[in-house]
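Asks: Spelled out, the chains give:
Protein chains: 2
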Amino acid sequence: MKKWKRSARLVDMTRRLLRDPHRLIPLTHFAERYQAAKSSISEDLGIIQEVFHSGGSGELETVSGAAGGVRFLPRVDRPAAEELVDTLCRQLSDPGRILPGGYLYLSDLLGNTAMVREIGRVFASVFCDSRAEVVVTVETKGIPLAYATADHLGLPVAIVRRDSRITEGSVVTINTVSGSSKRLGSLSLSRRSLNEGVRVLIIDDFMKAGGTVRGMIDLMNEFHAQVSGVGVMTDTLLEERLVENYVSLTTVAEVDVKKREIQVVPGNLLHQGGWIHGQSTD
Amino acid sequence: MKKWKRSARLVDMTRRLLRDPHRLIPLTHFAERYQAAKSSISEDLGIIQEVFHSGGSGELETVSGAAGGVRFLPRVDRPAAEELVDTLCRQLSDPGRILPGGYLYLSDLLGNTAMVREIGRVFASVFCDSRAEVVVTVETKGIPLAYATADHLGLPVAIVRRDSRITEGSVVTINTVSGSSKRLGSLSLSRRSLNEGVRVLIIDDFMKAGGTVRGMIDLMNEFHAQVSGVGVMTDTLLEERLVENYVSLTTVAEVDVKKREIQVVPGNLLHQGGWIHGQSTD
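Chains as they are written, first to last, in this note's numbering: chain A, 1 to 282; chain B, 1 to 282.
One thing to keep in mind: the hints can contain errors.
Given that identical chains are not distinguished, each listed pair holds provided it fits within a single copy or across any two copies.
As the list claims (entries may be wrong) - Straight-line distance between alpha carbons at most 25 angstroms, and here's what the computed SDA-like set of lysine to any residue pairs gives:
#1 2 <-> 169
#2 258 <-> 7
#3 5 <-> 248
#4 38 <-> 64
#5 5 <-> 62
#6 259 <-> 66
#7 182 <-> 154
#8 5 <-> 61
#9 208 <-> 169
#10 182 <-> 266
#11 258 <-> 154
#12 259 <-> 18
I should point out that these hints are in silico values taken from the structure, not numbers from a laboratory.
Small disclaimer: the values here were computed from a predicted structure and weren't measured.
Next comes chain A alone, as it looks inside the complex (with noise of 0.2 angstroms):
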C-alpha cells in the first residue's frame, strides 16, 4: 500500500468525513489506510475540524478510548440558520403560491435539492444531541425533508402511509381527524419498518392544527417509540394546536385569498439554542 502525502491525506479524510454524518471512524482505520502515524493523523484533524468549524459547517467530535475514534458531526452556526429561515420566509410568501381553498403550493421550493439539503443540515444541527435512532415521516411531500435529517444524522427513515399498502407487509393503523378541516383519515406503518421502544424524531413538512403529527405521535406510542422531536418546515398561527413541543422554521401568519398576499414570518427555529459559533457560511 502507497505512502499518501499529507495534502492528498487531508483530502480523503475530509470526503470520508463528510461522506458519513456522525459515523464513528476508527484512528487505526486513518493511520492503517494513510499508512501513517496516529500523530499525523490528529494533526490532520486537527486542521479539518479548524476549517469546518470556522466555515460553519460542523464539528469533529473524537472519542478516546479503545472503541474510539472520530466523528463529523454537521452543526449550522446561527447566520446560516437566520439565511435558510429568511429565504424560506421569502420564497413562501410568493402570492403566486395561493391555491384556491387558501392551500399553498409548495412542491417547487420541496424539489429543490439543494433547499432540500440545507433543512436537513439544519434540522440535524438543532436534533444533533435529541438521540434519535429513527426519522419518521408521512407521504408523500415530508419524505426529501425526513431523508435530507437523517443523512445528516445517519439515520434511517421510516414512512408513514396515508393508506395502508399490499407491499408493506403488517402494519399498525391508527384513525385520524384533522385537526383543522375535522376529515377523518388513517396513518399505517409496517410493523418491520420500527423496532419497539426506540427513540424517533418526527419530520413534516407543513403543520396547521397539528392533526397529522398528533396523529404520528399517537402511532408511535403503539410501537412504544419515544419522540425525542419534531420538526416541521412551516407553521400556521392558531390558537389552539394538537401538538405542543416541535421546531418550525417558518410560520405562515396570514393567507389572504381575496388580496392574494401571504405573510410569513420566521418560526421558532431561532430561539432554539446549540449554534456552533463560525465565522463564515459559504
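Fit chain B to the given chain A structure using the hints.
Replies: Quick look at chain B alone, frame taken from chain A:
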C-alpha cells in the same frame, strides 16, 4: 480576509466541491476566497482530482475560458458498482421479504439512507452524460432514490402523484393500466413542476411489466418533455415489457411463494459503459 494555508484550502475546497455536484465554480471564487494565485488553486485542484479519481469517487471537470471554472462529477468505478449490485442482490434475496401474492417488502432497504445514497451515486454516474434537467419519480417508494440521484446530479425533482391533490394546483392527469395486473390507475403531475420541453430522467424502485414507467413516459409527452434516461432499482424477468430502454441495478428472476425462495441476479447496469478507472473504493 485572512490568507489560507494550502492544507486548510484543500479541506475547504474538497468540502465545497463535494457539496454541489455538477455545479460550475469559477476559479476566481476560490482565488478570492483564499487570497491565492490561480496557479496555486490549479495545483490544489490537481491534488483533489488525483484523490477523487483514484478513490473511485468521481472526477473534477475543468472548463476553461471566461465563463469557466471547475465542477465535481460524482462517478463510480466498476468495482464500486459491482459491490452495490452484489449487496442489493444479497439483501433482496432474503426470503423474509416475501409477502402474500408474491410481493416483496422493500421499505427497510429504501429506509437505509446510506444504501439509498449509494444507489443515487451509481445512477448519477450512469446518467452523468444524459443532460437531464429534472429527475422525475412517482410516489411513494421511488422518492428517496430520485432525490439521492438528483442530489448527485445537482438537479431538481418532480414527483408524480397517484391521485391529484389540492395542494398541487392545476395538474395534468393520465390514466394507466398496470401491465402485470391490468389494474386501472392514474398519474398526475402539477403543471408548474415541469417546464415544457425539458429533458427528464425517470427513477423508480421497482418495475414489473413497466406500466407505471410507461405511464410516466406518456405523461412526460404531455409536457413535451424528453425522457433522456430511465433507471430502476430492480426489475423482473418478463418476456413482454412496456418499456424498452432502461437501466436496472438488479433483476428478480424468481419468487417462489411456496418454497419461500427468491432469486435475484444483477440487472443490466453492468452492461452499461462509462465507468471510471479508480484503484480503490473505500
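Asks: All hints, please: hold or fail.
Replies: Here is how each hint holds up against the structure:
1. 2 <-> 169: neither (49 angstroms within a copy, 58 angstroms between copies)
2. 258 <-> 7: neither (60 angstroms within a copy, 58 angstroms between copies)
3. 5 <-> 248: neither (45 angstroms within a copy, 39 angstroms between copies)
4. 38 <-> 64: Classified as within: same-chain Cα gap 13 angstroms, cross-chain 40 angstroms, threshold 25 angstroms.
5. 5 <-> 62: both (23 angstroms within a copy, 24 angstroms between copies)
6. 259 <-> 66: Cα proximity of residue 259 and residue 66: none, with 65 angstroms in one copy and 46 angstroms across.
7. 182 <-> 154: neither (37 angstroms within a copy, 40 angstroms between copies)
8. 5 <-> 61: both (24 angstroms within a copy, 23 angstroms between copies)
9. 208 <-> 169: For residue 208 and residue 169, only the inter-copy Cα distance (19 angstroms) is at most 25 angstroms; the intra-copy one is 31 angstroms.
10. 182 <-> 266: neither (27 angstroms within a copy, 49 angstroms between copies)
11. 258 <-> 154: neither (45 angstroms within a copy, 37 angstroms between copies)
12. 259 <-> 18: neither (46 angstroms within a copy, 44 angstroms between copies)
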